[in-house]
Every structure is written in C-alpha cells, then in structure tokens.
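Order-wise, the sequence lines are chains A and B.
Counted the way my numbering counts, the first sequence spans residues 1 to 239.
Counted the way my numbering counts, the second sequence spans residues 1 to 239.
Because the hints were derived from the structure by calculation, they are not lab data.
Incorrect hints may appear among the rest.
The list makes no distinction among identical chains, and a pair is therefore deemed to hold if it is satisfied within one copy or across any two copies.
Keeping only pairs whose Cα atoms sit at most 25 Å apart, straight-line, the calculated DMTMM-like set for lysine to aspartate or glutamate is [as the list claims (entries may be wrong)]: (1) K199 to E175; (2) K199 to E139; (3) K199 to D11; (4) K199 to E189; (5) K172 to E189; (6) K181 to D212; (7) K169 to E189; (8) K210 to E175; (9) K118 to E225; (10) K117 to E10; (11) K207 to E175; (12) K181 to D11; (13) K181 to D192; (14) K239 to E139; (15) K172 to D192.
Source: prediction; values computed, not measured.
Protein chains: 2
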Amino acid sequence: MKIDVIISAEDIHDSKIKNKIVVVIDIFRATSVIITALNNGCKEVIPYLTIEETLEFAKKLNREDYVLGGERKAVKIEGFDLSNSPLEYTKELIRNKTVLFTTTNGTRTLAKSVSAKKVFIAAMINAESVAKKLININEDVVIINAGTNGNFSMDDFICSGYIINEMLKYNKSMELTDISKTANIIYKENSDILSYVRKATHYTVMKSLKLDSDIEYCVRKSIIEIVPEYDGERITYTK
Amino acid sequence: MKIDVIISAEDIHDSKIKNKIVVVIDIFRATSVIITALNNGCKEVIPYLTIEETLEFAKKLNREDYVLGGERKAVKIEGFDLSNSPLEYTKELIRNKTVLFTTTNGTRTLAKSVSAKKVFIAAMINAESVAKKLININEDVVIINAGTNGNFSMDDFICSGYIINEMLKYNKSMELTDISKTANIIYKENSDILSYVRKATHYTVMKSLKLDSDIEYCVRKSIIEIVPEYDGERITYTK
Chain A
1 MKIDVIISAE DIHDSKIKNK IVVVIDIFRA TSVIITALNN GCKEVIPYLT
51 IEETLEFAKK LNREDYVLGG ERKAVKIEGF DLSNSPLEYT KELIRNKTVL
101 FTTTNGTRTL AKSVSAKKVF IAAMINAESV AKKLININED VVIINAGTNG
151 NFSMDDFICS GYIINEMLKY NKSMELTDIS KTANIIYKEN SDILSYVRKA
201 THYTVMKSLK LDSDIEYCVR KSIIEIVPEY DGERITYTK
Chain B
1 MKIDVIISAE DIHDSKIKNK IVVVIDIFRA TSVIITALNN GCKEVIPYLT
51 IEETLEFAKK LNREDYVLGG ERKAVKIEGF DLSNSPLEYT KELIRNKTVL
101 FTTTNGTRTL AKSVSAKKVF IAAMINAESV AKKLININED VVIINAGTNG
151 NFSMDDFICS GYIINEMLKY NKSMELTDIS KTANIIYKEN SDILSYVRKA
201 THYTVMKSLK LDSDIEYCVR KSIIEIVPEY DGERITYTK
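Using the sequences and the hints, build the whole thing.
Quick look at the structure:
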C-alpha cells in the first residue's frame with residue numbers, strides 16, 4: 001500500500017492517478033462545504049467548473065429542489081443562494097436538496113480527478129473516517145491537494161499529513177513517498193494546526209474577508225464521520 | 001522580492017521561470033559534484049542529457065583536457081572516468097580540466113531551466129554563499145529541486161529551506177510562497193539534517209550502494225563559498 005501526495009490541481013497527471021484511489025482535499029473551503037452539506041442531509045452535491053454550467057443544469061430542476069452554492073475570488077456568486085462557507089449549509093436550508101456547486105480550486109480539482117478508480121472527499125473535519133476508509137480498501141492512494149490557484153497550499157498539505165498520520169495507526173508498513181513523509185512530518189511537528197495554517201497565503205485572504213468562523217470550523221479535527229464519494233458526476237455518501 | 005520553490009524537474013514550466021533568477025538543487029549528488037569540482041579547480045562543467053551527447057562532445061577535445069563524469073541508476077557509467085561522487089573530483093584529477101557530466105535528475109533539471117534569466121547551482125555545501133548572492137541580486141527567485149525521477153525529494157527540499165533561512169537573515173520582508181514557507185519550516189524544525197534526510201527514498205538508494213561518505217559530505221553546511229552559474233551551455237563561476 002503506497003501513499004502519494006499531489007500538491008496542487010496544476011500537477012495532476014492522468015499517469016499518476018489513473019485507476020488509483022484518490023482523495024481530494026480543499027479544506028478552505030470546497031471540501032469542507034461538501035462534507036458538511038452531505039452530513040446535514042442534502043441529497044447530493046453536483047460540482048461544476050463554471051457558473052454557466054451550474055445555471056444551465058439548474059434550469060432542469062424545480063426551484064425548491066436545489067440550492068446554488070460556491071464562490072469566485074472567495075465571495076458569493078451573484079444570484080447564488082449560498083457562498084463557499086460551510087456554516088451556511090445548515091439542515092434547514094439544504095435537507096433533501098441538490099447542491100449545485102462551483103468554486104475556483106476545489107471543483108477544478110474534482111474535474112481533473114475523474115480518471116481515478118474512486119474519488120473521496122476529505123478535509124480536517126472528516127480526516128479520521130477517510131483514513132479508516134482507505135485502510136479498509138487497502139490499495140495505493142493518491143491524496144490530491146486542490147491548492148490555491150495552481151499552487152501548493154499549506155492548509156491542504158497539513159490535512160494530508162493528518163490523514164496519513166491516522167492511517168499509520170492502522171498500518172505502519174505503508175510505503176510513503178518523500179512528499180507523503182514530509183506532509184506527515186509537518187502535521188506531527190505542528191500540533192497546533194491553526195498556527196501553521198496562519199502562515200498560509202489562503203488564510204490571509206480569508207482573514208481579510210473576515211471569514212474567521214469559517215477558518216475555525218475548517219481546522220476542527222474529525223467532527224464528521226461521513227466520507228463523500230464523487231462518481232464523476234455527483235457526490236454522495238453511503239453509510 | 002518573492003521566493004518560490006518548484007519541487008521536481010517534472011514540475012518546471014517556462015511560465016514559472018522565464019526571466020527569473022533560478023537556483024538548481026540536486027544535493028544527492030549532481031549539484032554537490034559541480035560545486036566541488038569547480039571549487040577544486042576544474043575549468044568548467046558541461047552538463048549533458050545523454051551519454052551519447054557527452055561522448056560526442058568529448059571527441060572534439062584532447063584526452064588530457066577533460067574528464068567524463070556522471071551516473072546512471074546512481075552508479076558510474078561504463079567507460080567514464082568518474083562517477084557521481086563529489087569525493088572523486090579531487091584537485092589532482094580535475095584541475096584545469098573540462099568536466100563533461102551527465103546524470104539522471106540534475107542535468108535534466110538544468111536543461112529544463114534554460115529560459116531563466118540566471119541559473120545558479122546550489123547544494124548544502126554552498127548554501128550560505130548562494131543566499132548572499134541572491135540577496136545581492138534582489139530579484140524574484142525560483143528554487144528548483146531536481147527531485148528524484150520526477151518526484152519530490154526530501155533532501156533537495158530541506159536544502160531549499162536552508163537557503164531561504166539564510167536569506168531571511170538579510171531580508172525579513174521577502175515574500176514567501178506557501179511551499180517556500182513549508183521548506184523553511186522543515187529546515188528549522190529539523191536542525192539535524194541527516195535524521196530528516198535519512199527518511200528520503202534517495203537516501204535509502206545511496207545507503208544500499210554504500211555511499212555513506214557521499215551522504216555525509218553532501219549534508220555538510222556551507223563549506224564552500226563559490227556559486228557556480230550555468231549559461232545554458234557551461235557551468236563556471238566568477239569570484
């Protein structure tokens with residue numbers, strides 16, 4: 001069982017992920033939103049690359065059956081119901097609804113991951129459950145960090161290290177690539193996640209937009225037990 | 001002044017390095033060899049991608065004017081004078097000679113860096129001098145890790161963090177990308193370089209080939225003061 005990490009959506013090549021078990025991470029905030037929304041009872045999340053595609057698909061549904069969510073430049077899209085804040089995806093607003101969702105980094109990463117055998121959705125908030133799922137599957141894993149605008153992002157990297165750390169509790173003989181080992185070292189040496197993440201470029205952007213409650217929520221560890229899966233079209237989960 | 005890090009030769013894109021100041025690192029062992037050879041008085045190092053090119057160019061020179069150096073799969077190439085061990089490039093063997101040099105990762109990285117404005121050669125052994133040179137130039141820098149077979153390599157990464165750390169002594173307001181910050185954190189949190197590098201895949205390969213003295217040499221810090229520069233054809237240095 002080998003664990004590799006890809007550090008940004010820019011670096012995804014089919015040769016690295018084809019037929020592999022893939023985990024997509026975008027803790028600030030796309031994957032944190034997806035996990036939260038499904039945990040709060042939405043029917044499914046459908047990710048789109050563009051606003052146009054999102055609105056196009058929305059036309060096919062009854063207005064009461066979906067919500068439009070996502071961001072551009074970290075803020076809510078005009079005409080959309082919800083932004084990219086996981087805290088907005090409450091039970092009241094989304095139960096049994098389809099979430100049509102488009103973001104800058106997260107949904108692009110998902111689109112680039114479709115050649116994988118399986119694509120799971122991870123963040124700090126469900127890391128333990130993701131680790132257990134991967135251990136049960138017991139195949140090679142590629143953890144993909146969405147990163148920020150094609151670049152490495154500290155927040156996604158430390159989350160990769162956290163998942164690897166949880167996996168090591170069950171299987172100490174996993175083969176880790178150098179980048180996986182480094183992610184794990186970063187996690188182990190920075191037990192105060194927030195003080196590491198505070199140095200991230202993405203953190204500064206969110207802070208400037210006063211998204212403090214989102215930051216606090218997204219760095220919470222394993223508060224949710226579901227592991228959403230993307231089938232190339234829809235994201236759902238099975239218990 | 002912005003500092004970025006590219007984590008492997010595979011991830012070099014012209015858009016990231018064009019007209020930038022670039023530093024190439026392959027501590028195990030190509031850049032450690034180049035720095036050592038020039039410090040020991042060779043006339044120049046000329047890097048080649050293939051063994052064939054290397055031998056082709058050799059034909060143009062008198063036999064006493066050059067040495068053939070490099071590796072494939074970390075061992076000496078048949079018919080070559082020297083392997084990829086910096087310890088072999090002694091004053092006695094190379095003074096005033098041209099070193100014709102081909103390796104798996106290092107020379108490939110150099111070939112992919114030619115669109116940069118300047119290409120400097122760095123390793124642990126000359127890191128302090130490299131940092132001072134970059135501070136004097138005072139322009140954006142991209143530190144390129146050769147990596148190993150297209151993948152991230154822990155040894156090159158901690159060296160990047162070391163160079164950044166030295167630069168920060170002179171300029172605390174440099175803009176660091178997330179990956180630069182992480183390299184620097186790894187360096188600061190692993191003051192015993194060897195115990196970090198011991199986890200590297202490349203280290204295991206070298207250890208299995210009994211290259212212990214090379215490893216010990218290549219992790220020594222700032223024992224050489226020259227900063228070689230690659231002009232797209234030859235590597236030399238000016239005092």
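Checking K199 and E139: alpha-carbon separation at most 25 Å within a copy, between copies, both or neither? between (34 Å within a copy, 22 Å between copies)
At most 25 Å between CA atoms: does that hold for K181 and D11 within a copy, between copies, both, or neither? Cα proximity of K181 and D11: in one copy and across copies (18 Å, 19 Å).
Using 25 Å as the alpha carbon limit, work out where K199 and D11 are close: within a copy, between copies, both or neither. both (22 Å within a copy, 24 Å between copies)
Indicate which option fits the pair K172, E189 if close means a Cα-Cα distance not exceeding 25 Å: within, between, both or neither. both (19 Å within a copy, 23 Å between copies)
Are the CA atoms of K210 and E175 at most 25 Å apart within a copy, between copies, both, or neither? between (40 Å within a copy, 22 Å between copies)
Within a copy, between copies, both or neither: where do K207 and E175 come within 25 Å Cα-Cα? Between copies only: 18 Å across, 37 Å inside.
State whether the alpha carbon distance between K117 and E10 is at most 25 Å within one copy, between copies, both, or neither. both (20 Å within a copy, 24 Å between copies)
Copy assignment of K181 with D212, given that the CA separation must stay at most 25 Å: The answer is between: 22 Å across copies meets 25 Å, while 30 Å in one copy does not.
Could you place K239 and E139 in one of the four classes (within, between, both, neither) given a Cα distance threshold of 25 Å? within (20 Å within a copy, 54 Å between copies)
Quick one: K199 to E189, C-alpha cut-off 25 Å, is that within a copy, between copies, both, or neither? The answer is both: 15 Å in one copy and 15 Å across copies each meet 25 Å.
How would you label the pair K172, D192 (within, between, both, or neither) given a Cα cut-off of 25 Å? For K172 and D192, the Cα distance is within 25 Å both inside one copy (24 Å) and across copies (24 Å).
Could you figure out if K169 and E189 sit no more than 25 Å apart (CA to CA) within one copy, between two copies, both or neither? Both, since 17 Å and 23 Å are each at most 25 Å.
The structure shown violates none of the earlier numbered hints.
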